[in-house]
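From first to last, the protein sequence lines are chains A and B.
First residue of the first sequence: 92, per my numbering; consecutive thereafter.
First residue of the second sequence: 4, per my numbering; consecutive thereafter.
These are calculated hints, taken from the structure and not from any lab test.
Possibly wrong hints are sitting among the right ones.
Unchecked claim - Each computed BS3-like pair below joins lysine-lysine, with the alpha-carbon atoms no more than 25 Å apart:
1) B:Lys31 / B:Lys69
2) B:Lys31 / B:Lys260
3) A:Lys368 / B:Lys259
4) A:Lys97 / A:Lys164
5) B:Lys123 / B:Lys189
6) B:Lys141 / A:Lys116
7) B:Lys8 / B:Lys77
8) B:Lys31 / B:Lys60
9) B:Lys259 / B:Lys241
10) B:Lys8 / B:Lys69
11) B:Lys259 / B:Lys283
12) A:Lys143 / B:Lys141
13) A:Lys368 / B:Lys260
14) B:Lys60 / B:Lys8
15) A:Lys368 / B:Lys283
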Amino acid sequence: MILGEKLTFEYAAYDSGGAAAPVLKGVDISIEAGEFVAILGHNGSGKSTLAKHMNALLMPTEGTLWIKGLDTKAASNTWEIRQSVGMVFQNPDNQIIATIVEEDVAFGPENLGVAPPEIRKRVAESLTAVGMDEHIRATPHHLSGGQKQRVAIAGVLAMHPGCIVLDEPTAMLDPSGRREVLETITRLNRESGITVILITHFMEEAARANRILVMDDGQLVIDAPPRDVFRQTETMQSLGLGVPGVTALAHELRRRGLPVADDILTIDEFMHDEAIKSLL
Amino acid sequence: MIELKNVTHIYNEGSVFEKKAVNEISLKINAGEMVALIGHTGSGKSTLIQHLNALLKPSSGTVLIKGEDIHADKSRLREIRQRVGLVFQYPEHQLFEAEVFKDVAFGPTRMGLPPEEVEKCARAALEVVGLSEDAYTKTPFELSGGQKRRAAIAGVLAMRPEVLILDEPTAGLDPRGRDGILSQIKHMHTALGLTVILVSHSMDDAARLSDRILVMNQGRLISDGTPAEIFSQGEMLKDIGLDVPQISFLMTCLNKKNPRVPTGVFSVEDAADAIMELAKGQSS
Ligand SMILES: Nc1ncnc2c1ncn2[C@@H]1O[C@H](COP(=O)(O)OP(=O)(O)OP(=O)(O)O)[C@@H](O)[C@H]1O
Ligand SMILES: Nc1ncnc2c1ncn2[C@@H]1O[C@H](COP(=O)(O)OP(=O)(O)O)[C@@H](O)[C@H]1O
Ligand SMILES: [Mg+2]
Ligand SMILES: [Mg+2]
Numbered sequence: 092m093i094l095g096e097k098l099t100f101e102y103a104a105y106d107s108g109g110a111a112a113p114v115l116k117g118v119d120i121s122i123e124a125g126e127f128v129a130i131l132g133h134n135g136s137g138k139s140t141l142a143k144h145m146n147a148l149l150m151p152t153e154g155t156l157w158i159k160g161l162d163t164k165a166a167s168n169t170w171e172i173r174q175s176v177g178m179v180f181q182n183p184d185n186q187i188i189a190t191i192v193e194e195d196v197a198f199g200p201e202n203l204g205v206a207p208p209e210i211r212k213r214v215a216e217s218l219t220a221v222g223m224d225e226h227i228r229a230t231p232h233h234l235s236g237g238q239k240q241r242v243a244i245a246g247v248l249a250m251h252p253g254c255i256v257l258d259e260p261t262a263m264l265d266p267s268g269r270r271e272v273l274e275t276i277t278r279l280n281r282e283s284g285i286t287v288i289l290i291t292h293f294m295e296e297a298a299r300a301n302r303i304l305v306m307d308d309g310q311l312v313i314d315a316p317p318r319d320v321f322r323q324t325e326t327m328q329s330l331g332l333g334v335p336g337v338t339a340l341a342h343e344l345r346r347r348g349l350p351v352a353d354d355i356l357t358i359d360e361f362m363h364d365e366a367i368k369s370l371l
Numbered sequence: 004m005i006e007l008k009n010v011t012h013i014y015n016e017g018s019v020f021e022k023k024a025v026n027e028i029s030l031k032i033n034a035g036e037m038v039a040l041i042g043h044t045g046s047g048k049s050t051l052i053q054h055l056n057a058l059l060k061p062s063s064g065t066v067l068i069k070g071e072d073i074h075a076d077k078s079r080l081r082e083i084r085q086r087v088g089l090v091f092q093y094p095e096h097q098l099f100e101a102e103v104f105k106d107v108a109f110g111p112t113r114m115g116l117p118p119e120e121v122e123k124c125a126r127a128a129l130e131v132v133g134l135s136e137d138a139y140t141k142t143p144f145e146l147s148g149g150q151k152r153r154a155a156i157a158g159v160l161a162m163r164p165e166v167l168i169l170d171e172p173t174a175g176l177d178p179r180g181r182d183g184i185l186s187q188i189k190h191m192h193t194a195l196g197l198t199v200i201l202v203s204h205s206m207d208d209a210a211r212l213s214d215r216i217l218v219m220n221q222g223r224l225i226s227d228g229t230p231a232e233i234f235s236q237g238e239m240l241k242d243i244g245l246d247v248p249q250i251s252f253l254m255t256c257l258n259k260k261n262p263r264v265p266t267g268v269f270s271v272e273d274a275a276d277a278i279m280e281l282a283k284g285q286s287s
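Full structure from sequences and hints, please.
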């Protein structure tokens, strides 16, 4: 689905005022169709820059990125790439443009020149997929933050992309909004096979992915399943990151001599750990 | 220190877009308190706090600072906004200078401080938020999301306010940035007596940092208590779109299986202490 070789990027190549220091430094990346990948990394490590490469908003200064085999640098591929990879951003209030939910979700397919009956079908399907079908006639600014983000996701789904890239979609949301969005993307991945790339600063969210990529200062430094990533508490801390709360607790208990497993990711796993069960 | 009396705020009053965002809120915040404000998106948090430094005027009700009506004397608004510093929810609403350092220095410059002092305030603030020197000369739009937020926080800290209001300051910060900035703010609170009001969607941060939590729902203030009091009402919080900190949820699960496990524990450290205590009790 996504294959990048030695991706290097400098903002200076875009606007002359930008610093000439590379912000991506030879990133090799490969993501298969149907994966759920989380990208972690400190502020300024290059996550958003990398994400913008995935739908050809930015193009590598050096190296090559292929989306479904299409080189993002070829202008003739841009259209197809933008259709294959949808983007969802952080701020729920900046993503919805229309005054009615239905129109907002229809916007993408309209731009693609999809025929009106097909558009109506896609709008209905997409809103159902994110659990917002009841709100098809609603005014977006009356929705909660989590609902707005789900409408934004529906807007992307209506273009029938194979892949969605979400850049901190839950950063501005309250706990229930965060849960709604995470459940929605997990379900889209599991049930519809959509490739999900989730950029986040919440370690608990990353724990739900199949694979985690960690960026550090423009480089990809870790590529492993969540269990292997979060077992390395100290490494994660040294990268400016952390581990989920339960994982930190398990780690601390181990450090103090209680033989808890070293790869606990969820509350459920914690509750079923033998050493914990023996205390209950 | 700050007192709200029956404050109501209605946006677009009289039009079809009329929206009562804050509904009859009365509240007192004492000097030296560290208060967290939580509530679902759209519950009125940002609207409420913009009344505390007179950026918004109540549709009805009064806001008092040290007993004085904040809107009584227009000529003092600038001084009030410097004493009560507000970091906006969206950093883009705050950053406007061409360079990060100039942006952070703007506040102290306008306060009329001598250049050396301005420089000192700005540097100290940038250090607190962990922005490195190579960011100083960048334009704010060349910063990543989290770097912008750090710059916005520094801009307010540089004015050395007596009251610091932060509207979701940790959204978009990486874990080290979040913990670092919050612990520095906590330090300024304990060491310098800074009054802090923290709006947050992170139940963990609210529990860990504050002595008092205010809960808003649909424009109303529905609860006001210590973290232990607020987070013992898990069901109520879920009903209004909130939650309890992950560790406190875990401790409640353990407590259901073994009533000797204490609840009302929020931090990893305290939870580890409690569980080790239990283990010791069993082995002896
Ligand atoms: N438009 C721009 N012009 C110049 N430099 C930029 C621009 N946008 C980002 N940068 C720089 O590129 C680097 C990577 O930024 P990027 O936005 O990709 O980081 P990020 O990993 O998404 O960070 P965050 O977690 O804060 O969102 C940073 O050093 C940043 O200052
Ligand atoms: N400038 C504005 N004009 C009109 N309505 C607004 C404005 N700002 C906020 N609102 C509305 O007021 C309510 C409370 O919003 P806000 O104070 O931003 O809540 P919170 O910060 O808790 O998310 C929401 O319904 C929101 O849509
Ligand atoms: Mg980013
Ligand atoms: Mg707000």
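Right, here's what the structure says about each hint:
no.	hint	verdict
1	B:Lys31 / B:Lys69	holds, 11 Å
2	B:Lys31 / B:Lys260	violated, 40 Å
3	A:Lys368 / B:Lys259	holds, 13 Å
4	A:Lys97 / A:Lys164	holds, 14 Å
5	B:Lys123 / B:Lys189	holds, 21 Å
6	B:Lys141 / A:Lys116	holds, 20 Å
7	B:Lys8 / B:Lys77	holds, 20 Å
8	B:Lys31 / B:Lys60	holds, 17 Å
9	B:Lys259 / B:Lys241	holds, 19 Å
10	B:Lys8 / B:Lys69	holds, 13 Å
11	B:Lys259 / B:Lys283	holds, 20 Å
12	A:Lys143 / B:Lys141	holds, 21 Å
13	A:Lys368 / B:Lys260	holds, 9 Å
14	B:Lys60 / B:Lys8	holds, 13 Å
15	A:Lys368 / B:Lys283	holds, 15 Å
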